[in-house]
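S.K.: Please model the entire structure based on the sequences and the hints provided.
From first to last, the protein sequence lines are chains A and B. Going by the working numbering, the residue at position 113 of the first sequence is 113; the numbering climbs one at a time, nothing skipped. Going by the working numbering, the residue at position 200 of the second sequence is 200; the numbering climbs one at a time, nothing skipped.
None of the hints are false.
In silico BS3-like cross-links for lysine-lysine, where the CA-CA straight-line distance does not exceed 27 Å:
hint, chain 1, residue 1, chain 2, residue 2
1, A, Lys151, B, Lys140
2, B, Lys250, B, Lys215
3, A, Lys140, B, Lys127
4, B, Lys11, A, Lys11
Between beta-carbon pairs, the in silico distance windows are:
hint, chain 1, residue 1, chain 2, residue 2, range
5, B, Lys11, A, Leu219, 45 to 53 Å
6, A, Asn228, B, Asp169, 32 to 40 Å
7, B, Lys152, A, Asn248, 39 to 47 Å
8, A, Leu219, B, Asp40, 47 to 55 Å
9, B, Asn224, A, Gly89, 34 to 42 Å
10, B, Asn224, A, Asn115, 55 to 63 Å
11, B, Gln93, A, Ser211, 29 to 37 Å
12, A, Leu212, B, Lys152, 40 to 48 Å
Chain B residues, not near chain A, derived (Cβ > 10 Å throughout):
hint, residue
13, Ser48
14, Asp59
15, Pro60
16, Asn115
17, Leu214
18, Pro220
19, Gln222
20, Asp225
21, Asn228
22, Thr253
23, Glu255
24, Gln262
In short, the hints are calculated from the structure, not lab data. Note that the structure is a prediction, hence the values are computed from the model and not measured. Quick reminder that beta carbons are idealized off the backbone N, C-alpha and C, glycines included.
Protein chains: 2
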Amino acid sequence: VILINGELNDKLSVRDRAIQYGDGLFETFAVKNGEALAWDLHITRLQSSSIRLGIECPDPALLKREVSSISQHARRAVLKLIISRGEGGRGYQLPTSALPTRIISLHEWPDYPVNYMNEGIVATVCKMRMACNPVLAGMKHLNRLEQVLLKKELLGSDFPEAVVLDINDNVIEGCMSNIFLVKNKQLFTPDLSNSGVEGVVREGIVQLAESLKLKCEILPLQINDVMNADEVFFCNSVAGIWPVKKINDKIFTMESITRRVQKLLIDKNLIIAQ
Amino acid sequence: VILINGELNDKLSVRDRAIQYGDGLFETFAVKNGEALAWDLHITRLQSSSIRLGIECPDPALLKREVSSISQHARRAVLKLIISRGEGGRGYQLPTSALPTRIISLHEWPDYPVNYMNEGIVATVCKMRMACNPVLAGMKHLNRLEQVLLKKELLGSDFPEAVVLDINDNVIEGCMSNIFLVKNKQLFTPDLSNSGVEGVVREGIVQLAESLKLKCEILPLQINDVMNADEVFFCNSVAGIWPVKKINDKIFTMESITRRVQKLLIDKNLIIAQ
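M.R.: Next comes the structure, spelled out in structure tokens:
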């Protein structure tokens, strides 16, 4: 089921700048019993990114109505919301009065093995690096060729996720998730001011860490920090939290802190227990 | 007029990865008396970029037929060809058997003032920087948010084009064109192995310089090189060649070499005299 600007429709005008330039943003929600989880966190990110790109973000109440109408009967599903700048002429210059386009689509819940969440995954480190640009960093915009190519690197491998670095050797995230480290009973996650996507689950963990009496620091991290961590996990809205069992030859014990974070986010209804 | 996969149609499936991720490439042709100019240069770039992205480039003969059918009656027009990876499911991973999408659209010739080409333009230097990523550099892919934001920076100004640097302070190109410098009767254009688009007119100039008995060097350039050049010009398939009269307080004389390059490219039918 797909809604474009509130109408059942799965065809977009070729003039839309999402097609021409990737000129837009998106959000991927987990839907549970008809409810799009972490709504406020998603909308907050969408609104702040809209301001950065100069796109007029549609009214959240309208988005909520449309999202509800499409997901109300879904027990468990993935909902994708795309906001593009709208239609424009040829050329990069902004159209003088663009009406943003809303594309809302409902998708099947992915069949990730249950043990990814429960027992953890074996990960690798991508060879390809991500670019740095503070003007684009943090946003979930529609320019995602880097993620496409990173994911392509994993094609045919047994790694469901991988650590991704930027061209300056900083650890940034996974191909499709954020990354957290646990060291000395404290949480660490990479600074994303130059590269990467500020994920909604990452933001939820940062905000909720205190309630677990955990310190959570955001700072530049290198691959050695990952390899020397006590625990490592990836997180996103659909996968939830995937503990890392192993990267290359290094085995991580899946200790208590990752479990506590997982449980808290499930209890708070930010992610879905697989 | 718009053709999608050979059929008159201006609506694209929302499942197309051009919309979802900007997962594709494009070419912008000048059309003169029904002919898409610099065909071989455009197709060569499209094919080599397709290989880099792992997209199966459609048969050039098919593209030629479709392009001709849409542009045959145009005296002067702009033709845009988009090749996306095709439709896919949700998620970055490549679809197992994607059929690339061909989108061909014909547009009005832009009304750039004639004196941009004949007398030159006043340019500026963009504040925003471009990211560096050798994996994406050079290609005219659909991830163009940087260009959208660069162009936004010029909104309301009198500058039709601007010099753009990367985050490492290298001069890369214009917002929508490539840049050449002339110094001591020699041509220079920035190395684009880390950032920027390898434009078709740029490639034409590199290939044809020898026929003008001009040396043309591709190398890293900084803003001082631009400001100390004897002549500076921007080039792209539609604008042609725009000499630069002035950047900030520096005035460039529009000397003979820019004129000779302009004339050669018009004679070789790579650009259109305005």
